[in-house]
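Generate the whole structure from the sequences, applying the supplied hints.
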Amino acid sequence: MSRLANWFDDRTGYRAFVHEALYERIPGGARWRYVWGSTLAFAFFVQVVTGLILWSAYSPSAQTAWESVYFIQYRMTGGWLLRGVHHYMAQAMVVLLAIHFVQVVVDGAYRAPREINFWIGLALLKLVLALALTGYLLPWDEKGYWATKVATNMVALVPLVGPAIQRLLVGGTEYGHHTLTRFFALHAGVLPGLLTLFLVLHVALFRRHGIKAREPYRKLETTFWPEQVLRDAVACLAVTLVVMLLVLQHYPTARAEEPLAGQLGAELTAPADPADNYSAARPETYFLFLFQTLKYLENFPPIAGAIAVPALVMLSLVLMPIVGRWELGHRFNVVWTFTLLIGACVLTALALHDDYNGKTDESRHFLTAVADANAKAERAVELAGSPTGIPPTGELGMLRADPKTQGPKLFRQNCAACHSHAAPTGTKHQSLDDIVATKPTASNLEGFGTPDWIKGILDPEKIAGPDYFGNTSHKDGDMVDFVREHIGEAGKKLHGDELKSFQHKVESVAIALASESGVSRNRLPGDPDRIAAGRKAIVNDFKCVECHKFHEDGMLGNAPDLTGYASHDWLTAFISNPSHERFYGDNNDRMPAFAAQADNPAANRLSPEELRMLVDWLRGDWYRPGETPNTSAH
Amino acid sequence: MNRSGDIKRTASPSDSHHRRSFLSSIGAVLFGSVAAVFPLAAGWGVLVDPLRRQRPEKAGGHGAVADPKFVRVGLLAMLPDDGLPRQFAVMEDSVDAWTRIPGQRVGTMFLCRTTSDKGPVVTAFSSTCPHLGCAVDFNAAANQFECPCHKSAFAKDGDKLYGPTLRGLDPLPVKLVDSNGQQEIWVAYERFRTGVAERIPLA
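If you're matching them up, the sequences are chains A and B in order. For the first sequence, my numbering assigns the number 97 to the initial residue and increments by one for each residue that follows. For the second sequence, my numbering assigns the number 18 to the initial residue and increments by one for each residue that follows.
There may be inaccurate statements among the hints.
Distance condition first, Cα-Cα at most 20 Å in a straight line; then the derived EDC-like pairs of lysine to aspartate or glutamate [to be verified]:
1. B:K192 - B:E109
2. A:K551 - A:E603
3. B:K168 - A:E458
4. A:K645 - A:D665
5. A:K589 - A:E557
6. A:K505 - A:E705
7. A:K308 - A:D450
8. B:K168 - A:E120
9. B:K86 - A:E270
10. B:K168 - A:D625
11. A:K391 - B:D176
12. A:K601 - A:D572
13. A:K535 - B:D98
14. A:K596 - A:E557
15. B:K168 - A:E270
16. A:K601 - A:D548
17. B:K177 - A:D572
18. A:K535 - B:E109
19. B:K168 - A:E380
20. A:K500 - A:E542
21. B:K135 - B:D98
22. A:K505 - B:D154
23. A:K391 - B:D154
24. B:K173 - A:E458
25. A:K645 - A:E677
26. B:K168 - A:E394
27. B:K177 - A:D625
28. A:K505 - B:D99
29. B:K173 - A:E354
30. B:K173 - B:D98
Worth flagging that the hints you see were computed from the coordinates, not collected in a lab.
Put into structure tokens, the structure is as follows:
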């Protein structure tokens, strides 16, 4: 064995190399306070390994970046763990850098002859921050997209060359494929390459100068191996432990109804949509101090906060070895370091307080935006996991065609001037999803077509109320008269079992009518008899068909057709043209036709696709996990 | 490494040798630099390609009117006559490097309709905050546009109210076009440089 080792050493000189690497002198003995540099090197090693594995599953393009990261996070074995470790180790690295930096300054390890190594360290700091920034964009989710947009807009503020640099970074004037390919080339190639180079120089110079041992010496001189290596290894394990705790932080409060992979490790918000306001855009926590600075610089050009202040702070760090030549200068450097650090912490705390206090308007808007973003992210994951799966055009197309996501927006834009879509008037229950018309002049469409909604319109107390015809010209119409007389007055004459059976019959009408819509949630399962009885009551007992058409009975022209009431086809036709003889005809109040010109879609207010989503949303007809997609409706 | 050769040279230095050695150094640096720069030079064109490429000409939406910069947003009837800004998507054929997707939502803007003696007036603002490019919201309660990022605020007419922005919201040219007896809203959607006081279109 030793002959083989000798043979190898003759040809490589490895013994001298290993000796130099392991038996570095440590005056004053191994100490815990020397571990920070090693933990940083270890963190970088973790990032390289996890990053390369992530690379093996990542695809940088506008239609595949989010999709491939989704696949890593939710589908690949342990994908959430890999992403989580890479994400939180990046955060840990920033914190470790801060500790390492403070220690170097306090111990005076930046002073002669270590100036150049200090500057190399500053370059490493910049590289780590650049890695964090470029990595934030790669999932191409809303959060990273909007935050990075601000960052690249800040780059454009650099005098003279700023706009050109921005364009080279972005790969054009607008975000797209080339933004991703370029950021990825930087994040996975250029920056780690430079970081490795500077790290090698940093360690080589560190070895040349030897450790800046803290005096007074506590123990006898020792060597790097094994005493200090043991401490370093324990510290690295402690870092991994902290990172693992962060990765698993939401495990104890994980919600059972959502996929666990989505609640562990790094967050993945909905895919980036340039045409959707993302009001919860924030940078990573360790850039929040800069973010907060920008808010305060009213009446200053943004270049002050974005470029000038950070550049001056950086300059003050670069000058430290020169200032530190004098003892007073060294003291200044120490005070300045703590001032910067505390300042950054205070600004970060202020930024978090501004956002999360829940009292100011801004904070409430932010928290609502976060809740919206979370709901959208959840929905994106639901759709990606649906049997339909992600099409080649990407996940964004799925969200844009999803009634649950787009319905409320279309309703707000086209309907909410007159209609509400909210819990009925007078009920205490208030939901975030409620859309209340600014000036309601039409019915409340929440639950439209369901048995409960129809029961309401057949209720003499409610039909002329604000949730139904109260704010319309139908307030004094035949339907209100009918309900008051034939349901209200008729019911008052009855008592006991007769009244009960009458009410049961009215309810049967509501159930039968609701069954016309064909949505599963409106159908009462296993009660075809009740529906049949209701249908009979519509025709015979209440004689609805005197005004309404209902299947073979009645005629069009007086009141809306009840055949297929609130079905996909019925509602599409109704919204397209409520003045059609199948619906209100000449009795239509003020509702405009949204798609009356079938042969010329450009002349319509709603495109066929928008109309489909609006109708599906009103009917509650969208994909829910655990169901197969309902294609029968369209 | 030709160790023995080195020894010989140091043993018998001569002027011609010095000259040759000097020329060798020059040559080594020169040829070496060219060789070292070669791969970067080979890729330089691709690297700076975004600087040379112009934005693709807009296709002008569906059924273009005279000015190709204008895109059709929709019918005037969609926009209530209450002066409140409402957000609309900008539909364009989006071209992203190798991908071309027709009729995509590429951005958003606010439209606001009022009435004057001459008929309906529509104003349009880009949703992009002129400070650093976040998307502004309209806060109906406060009757102002607000940026959720760095707290800039703008009046309904787009003027800056407060915050770090240097200019007001970017207005977009609007045209009302008669088509099939209905009025349509057409807007020339543009992007501008952020963070500066002047309005510089991104070409």
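**Study point:** Contradicted hints - numbers only
**Key:** 7, 8, 10, 12, 15, 17, 18, 27, 29
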